[in-house]
Structures are given as C-alpha cells and as structure tokens.
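1 is the number of the first residue of the sequence shown in this note's numbering; add one for each residue after it.
None of these hints come from the bench; they were simulated from the model.
Dumping the calculated DSS-like pairs for lysine-lysine here, alpha-carbon to alpha-carbon at most 30 Å:
no.: 1; residue 1: 152; residue 2: 77
no.: 2; residue 1: 45; residue 2: 101
no.: 3; residue 1: 156; residue 2: 101
no.: 4; residue 1: 127; residue 2: 153
no.: 5; residue 1: 21; residue 2: 153
All values reported here derive from a predicted model rather than from experimental measurement.
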Amino acid sequence: MLILPKKLRKKLKKPFGKLYKSIDDIKNFPPNEYKIISVGDETTKNLVDRGIYPDVAIIDRKIQRKKSYYRIEYKSKILNVSNPPGTITESLMNAIKKALKSKEKTIINVSGEEDLAVLPAILFSSKALILYGQPNEGVVVVDADKSKNKAKKIIKEFKEVKEHGNKYN
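Based on the provided sequences and hints, a complete structural model is requested.
So, in structure tokens, the structure goes:
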C-alpha cells in the first residue's frame, strides 16, 4: 500500500492536467483514438449524462467527501475494491490494470476514497485521457502519455507499507 505523505498534499491539490470549467468546454471530445478514464462520481455522472461512457470509471459514491446519490449506470463490468483515504492500495492498482486490459467498459467501485486513483491510472494506461473533478473549479483532463514522468516522480515520494487486514481490506 502506498501512503500519501503530508508534504505532497498541497502539491496534489493543483490540477495535474488542463483545467476546464466544464466538460462542454473541451474541444473535439472525446477523441476516438483515446481510452477515457474518469475518476470521481461527479465527473463520471457528467460524462454519462452527455452520452460519453468511460472505458474505466473509478467512483466511491461520494462527492467532496459527502455521500453521493447519483445513479451511475451503463453497460459495464463492475469491480469492487478497498482503498482507505490518503492511500493507493494493491487492490486498487490491480483493478485499474484489469480494467484497462478488459475489452468491456468497467466501473471500479471504491470502498474508502478514489481521489488518488488518478496516479495509477496515468501510470498503467497509454493513449488515454483521465478526467477528474477539481473541486469548485471544473474538470481536469490529463493525457496519460504526456504525464507519466510527473506521476512516477510523485508516486516515488509516497511511503510504501505492507497491507494488513483493516476495515477496507
């Protein structure tokens, strides 16, 4: 399990890619040759409402840490994983890898928090755009291929610990 160090929290609050006020402001979206990965309930719902079904959607049934009542449903495989706040677990990383290899669209339901899933999504994907919400500002679009080095540098700063049984495992 990777644990987010306090010193990185401020850095990760800044948009990792290009910030748009709305999905509607993104020109030529979605491009056909890219996989679409959404992280977050609000972003995923906004895509689905526009008829854009992410290849991989990572959700935790919360919006800004409050329970979300959005019904995010489309023809997809469902994977359930545990991922405590401020961490990236093996189960989350494995689910992302599995979803990216699948020919089926996949929703990853996270028990805990999905915020940091953007980093492994960048590392494990290619020819993919990752979209996630920037609270009270809009949606961030990250080109995985252009952001791998930055994501690797950040992940190297995480503390690695052995996973033990807890309420999320």
